[in-house]
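Position 208 of the sequence shown, counting from 1, maps to 470 under our numbering, and the rest follow consecutively.
Everything labelled a hint here was simulated from the structure, so no lab data went into it. Computed from a predicted model, the values in this text were never measured in an experiment. Certain hints may be false.
[To be verified] Below, simulated EDC-like cross-link-like pairs (lysine to aspartate or glutamate); rule was C-alpha separation at most 20 Å, straight line: (1) Lys447 - Glu532; (2) Lys517 - Glu546; (3) Lys288 - Asp401; (4) Lys547 - Glu513; (5) Lys484 - Glu573; (6) Lys484 - Asp544; (7) Lys408 - Asp419; (8) Lys484 - Glu448; (9) Lys355 - Glu388; (10) Lys288 - Glu390; (11) Lys433 - Glu388; (12) Lys447 - Asp506; (13) Lys547 - Glu532; (14) Lys408 - Asp394; (15) Lys433 - Asp523; (16) Lys440 - Glu451; (17) Lys574 - Glu476; (18) Lys574 - Glu532; (19) Lys408 - Glu380; (20) Lys484 - Glu536; (21) Lys303 - Glu388; (22) Lys433 - Glu445; (23) Lys547 - Asp562; (24) Lys574 - Glu546; (25) Lys425 - Asp502; (26) Lys547 - Asp520; (27) Lys484 - Glu397; (28) Lys303 - Glu354; (29) Lys484 - Asp452; (30) Lys484 - Glu571; (31) Lys379 - Glu397; (32) Lys484 - Asp419; (33) Lys341 - Glu354; (34) Lys484 - Glu546; (35) Lys574 - Glu536; (36) Lys408 - Glu397; (37) Lys408 - Asp423; (38) Lys547 - Glu536; (39) Lys379 - Glu451; (40) Lys484 - Asp523.
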Amino acid sequence: MMGKRFYSYHKATFANSYLNSDPQLKTAILACRSSCQGSIKALSEKQPARDISVNVADAFAQLLLNFRQTVTSLGLAFKPPVTVSAAIQQLEKAAEQLNQLISCVLITHGEMGREWKEGVLSIGAEVERHLDVLEAEGDYLQSTGKIWEAIDRMSRDLSRDEKSAIIRRWKIHQSIVKDAWDEFKEILEDSQNEDDDGGWDELGLGDTSLSEEERSRTEAIKPLLSLHQLLHASIPRYFDQAEDHLQALLEESSKFVDCYDEIVSSLHPEQDEEEINSALGDIEKISRRMASLVGNVSTDKWTTKYDMEREKWSDRKFNMRSLGVAIE
(Lines of atoms letter the chains of each structure in order from A and count residues from 1; the text may use other names and numbers.)
(Lines give C-alpha, C1' and ligand atoms only; values in the text may rest on other atoms or scores of the structure.)
Protein backbone atom coordinates (compact mmCIF):
# COMPACT_ATOMS: atom_id res chain seq x y z
CA MET A 1 0.00 0.00 0.00
CA MET A 2 2.84 2.35 0.93
CA GLY A 3 4.63 1.58 -2.33
CA LYS A 4 1.47 2.33 -4.26
CA ARG A 5 1.10 5.72 -2.58
CA PHE A 6 4.76 6.53 -3.21
CA TYR A 7 4.38 5.61 -6.89
CA SER A 8 1.25 7.74 -7.26
CA TYR A 9 2.93 10.68 -5.53
CA HIS A 10 6.10 10.30 -7.59
CA LYS A 11 4.09 10.03 -10.80
CA ALA A 12 1.98 13.10 -9.96
CA THR A 13 5.08 15.09 -9.03
CA PHE A 14 6.70 14.20 -12.32
CA ALA A 15 3.58 14.95 -14.33
CA ASN A 16 3.12 18.31 -12.66
CA SER A 17 6.62 19.36 -13.62
CA TYR A 18 6.94 18.60 -17.31
CA LEU A 19 5.61 21.93 -18.57
CA ASN A 20 7.65 23.92 -16.06
CA SER A 21 10.80 22.07 -17.05
CA ASP A 22 10.30 22.64 -20.77
CA PRO A 23 8.60 25.90 -21.80
CA GLN A 24 8.89 24.83 -25.46
CA LEU A 25 6.30 22.13 -24.81
CA LYS A 26 3.86 24.62 -23.32
CA THR A 27 4.43 26.92 -26.29
CA ALA A 28 3.72 24.00 -28.64
CA ILE A 29 0.43 23.24 -26.87
CA LEU A 30 -0.63 26.88 -27.12
CA ALA A 31 0.35 27.00 -30.80
CA CYS A 32 -1.60 23.81 -31.51
CA ARG A 33 -4.68 25.23 -29.79
CA SER A 34 -4.44 28.51 -31.70
CA SER A 35 -4.08 26.68 -35.02
CA CYS A 36 -7.01 24.36 -34.29
CA GLN A 37 -9.25 27.24 -33.22
CA GLY A 38 -8.39 29.16 -36.39
CA SER A 39 -9.21 26.16 -38.57
CA ILE A 40 -12.49 25.47 -36.76
CA LYS A 41 -13.49 29.13 -37.05
CA ALA A 42 -13.33 28.77 -40.84
CA LEU A 43 -16.28 26.34 -40.63
CA SER A 44 -18.55 29.18 -39.50
CA GLU A 45 -17.75 31.26 -42.58
CA LYS A 46 -19.91 30.93 -45.68
CA GLN A 47 -18.14 29.14 -48.50
CA PRO A 48 -18.93 29.30 -52.24
CA ALA A 49 -20.30 26.10 -53.79
CA ARG A 50 -17.59 24.14 -55.59
CA ASP A 51 -17.42 21.00 -57.68
CA ILE A 52 -16.52 18.05 -55.47
CA SER A 53 -13.93 15.53 -56.58
CA VAL A 54 -15.21 11.95 -56.57
CA ASN A 55 -12.19 11.03 -54.45
CA VAL A 56 -12.74 13.60 -51.70
CA ALA A 57 -14.71 11.14 -49.53
CA ASP A 58 -11.92 8.55 -49.73
CA ALA A 59 -9.33 11.20 -48.90
CA PHE A 60 -11.44 12.43 -45.99
CA ALA A 61 -11.89 8.91 -44.60
CA GLN A 62 -8.13 8.33 -44.80
CA LEU A 63 -7.45 11.65 -43.06
CA LEU A 64 -9.69 10.55 -40.19
CA LEU A 65 -7.64 7.36 -39.80
CA ASN A 66 -4.39 9.33 -39.96
CA PHE A 67 -5.63 11.81 -37.39
CA ARG A 68 -6.63 9.00 -35.03
CA GLN A 69 -3.12 7.57 -35.28
CA THR A 70 -1.60 10.98 -34.59
CA VAL A 71 -3.77 11.38 -31.49
CA THR A 72 -2.55 7.95 -30.35
CA SER A 73 1.08 8.94 -30.95
CA LEU A 74 0.49 12.19 -29.07
CA GLY A 75 -0.78 10.21 -26.10
CA LEU A 76 2.27 7.94 -26.18
CA ALA A 77 4.57 10.96 -26.29
CA PHE A 78 2.98 12.29 -23.08
CA LYS A 79 3.35 8.97 -21.28
CA PRO A 80 5.78 9.53 -18.37
CA PRO A 81 8.56 10.24 -18.86
CA VAL A 82 7.33 12.74 -21.44
CA THR A 83 9.25 12.68 -24.72
CA VAL A 84 9.28 16.41 -25.36
CA SER A 85 10.57 16.38 -28.96
CA ALA A 86 8.04 13.71 -29.96
CA ALA A 87 5.23 15.54 -28.16
CA ILE A 88 6.00 18.79 -29.99
CA GLN A 89 6.17 16.95 -33.32
CA GLN A 90 2.78 15.26 -32.76
CA LEU A 91 1.16 18.51 -31.63
CA GLU A 92 2.24 20.17 -34.87
CA LYS A 93 1.08 17.16 -36.86
CA ALA A 94 -2.33 17.12 -35.13
CA ALA A 95 -2.90 20.80 -35.93
CA GLU A 96 -1.95 20.26 -39.57
CA GLN A 97 -4.18 17.20 -39.98
CA LEU A 98 -7.19 18.85 -38.36
CA ASN A 99 -6.72 21.72 -40.80
CA GLN A 100 -6.70 19.19 -43.68
CA LEU A 101 -9.93 17.63 -42.43
CA ILE A 102 -11.57 21.04 -42.27
CA SER A 103 -10.32 21.87 -45.77
CA CYS A 104 -12.22 18.82 -47.04
CA VAL A 105 -15.37 19.94 -45.25
CA LEU A 106 -15.11 23.41 -46.77
CA ILE A 107 -15.31 22.06 -50.33
CA THR A 108 -18.41 19.96 -49.64
CA HIS A 109 -21.97 21.24 -49.62
CA GLY A 110 -25.53 20.06 -49.17
CA GLU A 111 -26.42 17.44 -46.59
CA MET A 112 -23.05 15.71 -46.84
CA GLY A 113 -21.31 18.98 -46.04
CA ARG A 114 -23.59 19.49 -43.07
CA GLU A 115 -22.90 15.96 -41.77
CA TRP A 116 -19.13 16.29 -42.16
CA LYS A 117 -19.17 19.70 -40.50
CA GLU A 118 -21.08 18.36 -37.48
CA GLY A 119 -18.65 15.46 -37.16
CA VAL A 120 -15.50 17.56 -37.42
CA LEU A 121 -16.86 20.14 -34.97
CA SER A 122 -17.41 17.30 -32.49
CA ILE A 123 -13.84 16.08 -33.02
CA GLY A 124 -12.49 19.62 -32.78
CA ALA A 125 -14.29 20.20 -29.48
CA GLU A 126 -12.69 17.07 -28.02
CA VAL A 127 -9.27 18.15 -29.31
CA GLU A 128 -9.61 21.52 -27.57
CA ARG A 129 -10.60 19.80 -24.33
CA HIS A 130 -7.64 17.45 -24.73
CA LEU A 131 -5.26 20.39 -25.12
CA ASP A 132 -6.73 21.93 -21.96
CA VAL A 133 -6.00 18.67 -20.15
CA LEU A 134 -2.43 18.56 -21.47
CA GLU A 135 -1.83 22.15 -20.43
CA ALA A 136 -3.27 21.45 -16.97
CA GLU A 137 -1.23 18.23 -16.84
CA GLY A 138 -4.38 16.22 -16.17
CA ASP A 139 -5.66 12.78 -17.18
CA TYR A 140 -4.60 12.81 -20.83
CA LEU A 141 -5.54 9.14 -21.37
CA GLN A 142 -9.23 9.81 -20.75
CA SER A 143 -9.31 12.85 -23.03
CA THR A 144 -7.41 10.89 -25.70
CA GLY A 145 -10.16 8.27 -25.53
CA LYS A 146 -12.81 10.95 -26.05
CA ILE A 147 -11.15 12.03 -29.31
CA TRP A 148 -10.99 8.40 -30.45
CA GLU A 149 -14.71 8.03 -29.77
CA ALA A 150 -15.56 11.15 -31.79
CA ILE A 151 -13.40 10.00 -34.72
CA ASP A 152 -14.74 6.43 -34.63
CA ARG A 153 -18.33 7.65 -34.48
CA MET A 154 -17.82 9.77 -37.57
CA SER A 155 -15.83 7.13 -39.48
CA ARG A 156 -18.41 4.44 -38.76
CA ASP A 157 -21.37 6.43 -40.14
CA LEU A 158 -19.53 8.53 -42.74
CA SER A 159 -21.59 9.36 -45.82
CA ARG A 160 -19.52 9.33 -49.00
CA ASP A 161 -22.02 11.04 -51.29
CA GLU A 162 -25.02 13.35 -51.08
CA LYS A 163 -27.62 10.62 -51.50
CA SER A 164 -26.16 8.57 -48.63
CA ALA A 165 -26.10 11.66 -46.42
CA ILE A 166 -29.76 12.40 -47.17
CA ILE A 167 -30.75 8.79 -46.43
CA ARG A 168 -28.88 9.00 -43.13
CA ARG A 169 -30.65 12.22 -42.15
CA TRP A 170 -33.99 10.76 -43.24
CA LYS A 171 -33.50 7.82 -40.87
CA ILE A 172 -32.96 10.28 -38.04
CA HIS A 173 -36.22 11.98 -39.00
CA GLN A 174 -37.98 8.60 -39.12
CA SER A 175 -36.82 7.86 -35.60
CA ILE A 176 -38.27 11.16 -34.34
CA VAL A 177 -41.58 10.48 -36.10
CA LYS A 178 -41.72 7.00 -34.58
CA ASP A 179 -41.21 8.48 -31.12
CA ALA A 180 -44.11 10.86 -31.76
CA TRP A 181 -46.27 7.96 -33.00
CA ASP A 182 -45.47 6.01 -29.82
CA GLU A 183 -46.44 9.07 -27.78
CA PHE A 184 -49.74 9.22 -29.67
CA LYS A 185 -50.46 5.56 -28.89
CA GLU A 186 -49.74 6.22 -25.22
CA ILE A 187 -52.30 9.04 -25.24
CA LEU A 188 -54.92 6.58 -26.51
CA GLU A 189 -53.88 3.84 -24.10
CA ASP A 190 -53.98 6.22 -21.14
CA SER A 191 -57.47 7.33 -22.10
CA GLN A 192 -58.64 3.71 -22.35
CA ASN A 193 -57.22 2.92 -18.91
CA GLU A 194 -58.51 6.05 -17.21
CA ASP A 195 -61.11 4.09 -15.22
CA ASP A 196 -58.35 2.09 -13.54
CA ASP A 197 -56.70 4.97 -11.67
CA GLY A 198 -56.00 3.07 -8.45
CA GLY A 199 -57.99 5.64 -6.46
CA TRP A 200 -55.62 8.50 -7.21
CA ASP A 201 -58.39 10.67 -8.69
CA GLU A 202 -60.28 10.54 -5.38
CA LEU A 203 -57.25 12.13 -3.76
CA GLY A 204 -56.96 14.71 -6.52
CA LEU A 205 -53.68 13.20 -7.72
CA GLY A 206 -54.84 11.58 -10.96
CA ASP A 207 -53.56 12.66 -14.38
CA THR A 208 -55.77 14.80 -16.59
CA SER A 209 -57.62 12.45 -18.95
CA LEU A 210 -59.20 12.88 -22.35
CA SER A 211 -62.88 13.73 -22.34
CA GLU A 212 -65.24 11.49 -24.32
CA GLU A 213 -65.23 13.97 -27.19
CA GLU A 214 -61.43 14.26 -27.12
CA ARG A 215 -61.04 10.50 -27.06
CA SER A 216 -63.38 10.15 -30.03
CA ARG A 217 -61.45 12.83 -31.92
CA THR A 218 -58.10 11.20 -31.11
CA GLU A 219 -59.28 7.77 -32.28
CA ALA A 220 -60.70 9.30 -35.46
CA ILE A 221 -57.41 10.97 -36.38
CA LYS A 222 -55.39 7.76 -35.96
CA PRO A 223 -55.78 6.55 -39.61
CA LEU A 224 -54.57 9.92 -40.88
CA LEU A 225 -51.51 9.97 -38.62
CA SER A 226 -50.76 6.37 -39.59
CA LEU A 227 -50.90 7.21 -43.30
CA HIS A 228 -48.63 10.23 -42.86
CA GLN A 229 -46.07 8.09 -41.04
CA LEU A 230 -46.34 5.36 -43.70
CA LEU A 231 -45.71 7.83 -46.52
CA HIS A 232 -42.70 9.39 -44.79
CA ALA A 233 -41.17 5.96 -44.11
CA SER A 234 -41.65 4.81 -47.72
CA ILE A 235 -40.23 7.86 -49.54
CA PRO A 236 -36.55 6.67 -49.48
CA ARG A 237 -37.52 3.67 -51.64
CA TYR A 238 -38.11 6.07 -54.51
CA PHE A 239 -34.97 8.19 -54.18
CA ASP A 240 -33.46 6.74 -57.36
CA GLN A 241 -36.31 8.03 -59.50
CA ALA A 242 -36.43 11.35 -57.62
CA GLU A 243 -32.70 12.07 -57.94
CA ASP A 244 -33.31 15.70 -58.92
CA HIS A 245 -35.55 16.37 -55.93
CA LEU A 246 -33.61 14.85 -53.02
CA GLN A 247 -32.74 18.15 -51.38
CA ALA A 248 -36.31 19.39 -51.75
CA LEU A 249 -37.60 16.14 -50.24
CA LEU A 250 -35.26 16.48 -47.27
CA GLU A 251 -36.43 20.04 -46.66
CA GLU A 252 -40.03 18.81 -46.68
CA SER A 253 -39.05 15.99 -44.32
CA SER A 254 -37.66 18.49 -41.80
CA LYS A 255 -40.96 20.38 -41.87
CA PHE A 256 -42.86 17.09 -41.64
CA VAL A 257 -41.07 16.09 -38.43
CA ASP A 258 -41.94 19.37 -36.70
CA CYS A 259 -45.53 19.27 -37.90
CA TYR A 260 -46.09 15.63 -36.91
CA ASP A 261 -44.81 16.37 -33.42
CA GLU A 262 -47.07 19.42 -33.24
CA ILE A 263 -50.16 17.35 -34.09
CA VAL A 264 -49.38 14.72 -31.45
CA SER A 265 -48.76 17.42 -28.84
CA SER A 266 -52.13 18.97 -29.66
CA LEU A 267 -53.90 15.66 -28.93
CA HIS A 268 -53.10 15.63 -25.23
CA PRO A 269 -55.98 16.40 -22.83
CA GLU A 270 -57.59 19.87 -23.04
CA GLN A 271 -57.46 19.77 -26.82
CA ASP A 272 -58.00 22.79 -29.05
CA GLU A 273 -59.89 21.61 -32.14
CA GLU A 274 -58.81 24.57 -34.24
CA GLU A 275 -55.17 23.91 -33.38
CA ILE A 276 -55.54 20.24 -34.36
CA ASN A 277 -57.21 21.07 -37.67
CA SER A 278 -54.61 23.69 -38.48
CA ALA A 279 -51.71 21.29 -37.81
CA LEU A 280 -53.46 18.54 -39.76
CA GLY A 281 -53.88 20.88 -42.72
CA ASP A 282 -50.19 21.83 -42.58
CA ILE A 283 -48.91 18.25 -42.55
CA GLU A 284 -51.32 17.29 -45.31
CA LYS A 285 -49.77 19.94 -47.57
CA ILE A 286 -46.28 18.67 -46.75
CA SER A 287 -47.18 15.03 -47.40
CA ARG A 288 -48.85 15.86 -50.70
CA ARG A 289 -45.78 17.82 -51.80
CA MET A 290 -43.53 14.86 -50.95
CA ALA A 291 -45.82 12.48 -52.83
CA SER A 292 -45.84 14.74 -55.89
CA LEU A 293 -42.04 15.08 -55.88
CA VAL A 294 -41.72 11.29 -55.96
CA GLY A 295 -44.53 10.80 -58.49
CA ASN A 296 -44.82 7.03 -58.09
CA VAL A 297 -47.79 4.69 -58.54
CA SER A 298 -47.50 3.73 -54.87
CA THR A 299 -47.66 7.35 -53.73
CA ASP A 300 -50.66 7.84 -56.01
CA LYS A 301 -52.36 4.98 -54.16
CA TRP A 302 -51.42 6.65 -50.90
CA THR A 303 -53.08 9.86 -52.05
CA THR A 304 -56.26 7.99 -52.94
CA LYS A 305 -56.35 6.23 -49.57
CA TYR A 306 -55.61 9.46 -47.73
CA ASP A 307 -58.42 11.29 -49.53
CA MET A 308 -60.84 8.59 -48.36
CA GLU A 309 -59.73 8.87 -44.74
CA ARG A 310 -59.71 12.65 -44.93
CA GLU A 311 -63.31 12.60 -46.09
CA LYS A 312 -64.25 10.41 -43.11
CA TRP A 313 -62.55 12.92 -40.83
CA SER A 314 -64.45 15.80 -42.44
CA ASP A 315 -67.76 13.91 -42.18
CA ARG A 316 -67.09 13.26 -38.51
CA LYS A 317 -66.49 16.95 -37.85
CA PHE A 318 -69.72 17.82 -39.68
CA ASN A 319 -71.70 15.22 -37.74
CA MET A 320 -70.27 16.41 -34.41
CA ARG A 321 -71.22 20.00 -35.23
CA SER A 322 -74.73 18.93 -36.24
CA LEU A 323 -75.07 17.02 -32.97
CA GLY A 324 -73.92 20.06 -31.04
CA VAL A 325 -76.51 22.27 -32.76
CA ALA A 326 -79.26 19.70 -32.08
CA ILE A 327 -78.34 19.53 -28.38
CA GLU A 328 -78.43 23.31 -28.08
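Here's how the hints hold up against the structure:
1. Lys447 - Glu532: Answer holds: Lys447 to Glu532 is near 17 Å, not above 20 Å.
2. Lys517 - Glu546: Cα-Cα ~11 Å, so holds.
3. Lys288 - Asp401: 16 Å, holds
4. Lys547 - Glu513: Holds, because 13 Å separates the two Cα atoms, which is no more than 20 Å.
5. Lys484 - Glu573: The given pair, whose Cα atoms are some 14 Å apart, holds under the 20 Å limit.
6. Lys484 - Asp544: 16 Å, holds
7. Lys408 - Asp419: 17 Å, holds
8. Lys484 - Glu448: 12 Å, holds
9. Lys355 - Glu388: Holds - the C-alpha atoms of Glu388 and Lys355 are around 16 Å apart, at most 20 Å.
10. Lys288 - Glu390: 14 Å, holds
11. Lys433 - Glu388: Violated: Lys433 and Glu388 sit about 26 Å apart, past 20 Å.
12. Lys447 - Asp506: Violated, because 36 Å separates the two Cα atoms, which is more than 20 Å.
13. Lys547 - Glu532: 26 Å, violated
14. Lys408 - Asp394: 13 Å, holds
15. Lys433 - Asp523: Holds, because 16 Å separates the two Cα atoms, which is no more than 20 Å.
16. Lys440 - Glu451: Roughly 16 Å separates the two Cα atoms, so the pair holds.
17. Lys574 - Glu476: 17 Å, holds
18. Lys574 - Glu532: 23 Å, violated
19. Lys408 - Glu380: 16 Å, holds
20. Lys484 - Glu536: 17 Å, holds
21. Lys303 - Glu388: 15 Å, holds
22. Lys433 - Glu445: 18 Å, holds
23. Lys547 - Asp562: Status holds; Cα separation ~15 Å.
24. Lys574 - Glu546: Holds - the C-alpha atoms of Glu546 and Lys574 are around 15 Å apart, at most 20 Å.
25. Lys425 - Asp502: 9 Å, holds
26. Lys547 - Asp520: Holds. Lys547 to Asp520 sits at ~13 Å (cutoff 20 Å).
27. Lys484 - Glu397: Answer violated: Lys484 to Glu397 is near 58 Å, above 20 Å.
28. Lys303 - Glu354: 18 Å, holds
29. Lys484 - Asp452: 15 Å, holds
30. Lys484 - Glu571: 10 Å, holds
31. Lys379 - Glu397: 27 Å, violated
32. Lys484 - Asp419: 34 Å, violated
33. Lys341 - Glu354: 18 Å, holds
34. Lys484 - Glu546: 14 Å, holds
35. Lys574 - Glu536: 18 Å, holds
36. Lys408 - Glu397: 17 Å, holds
37. Lys408 - Asp423: 27 Å, violated
38. Lys547 - Glu536: Holds: Lys547 and Glu536 sit about 17 Å apart, inside 20 Å.
39. Lys379 - Glu451: Between Lys379 and Glu451 the Cα gap is close to 42 Å, so the pair fails against 20 Å, i.e. violated.
40. Lys484 - Asp523: Between Lys484 and Asp523 the Cα gap is close to 14 Å, so the pair holds against 20 Å.
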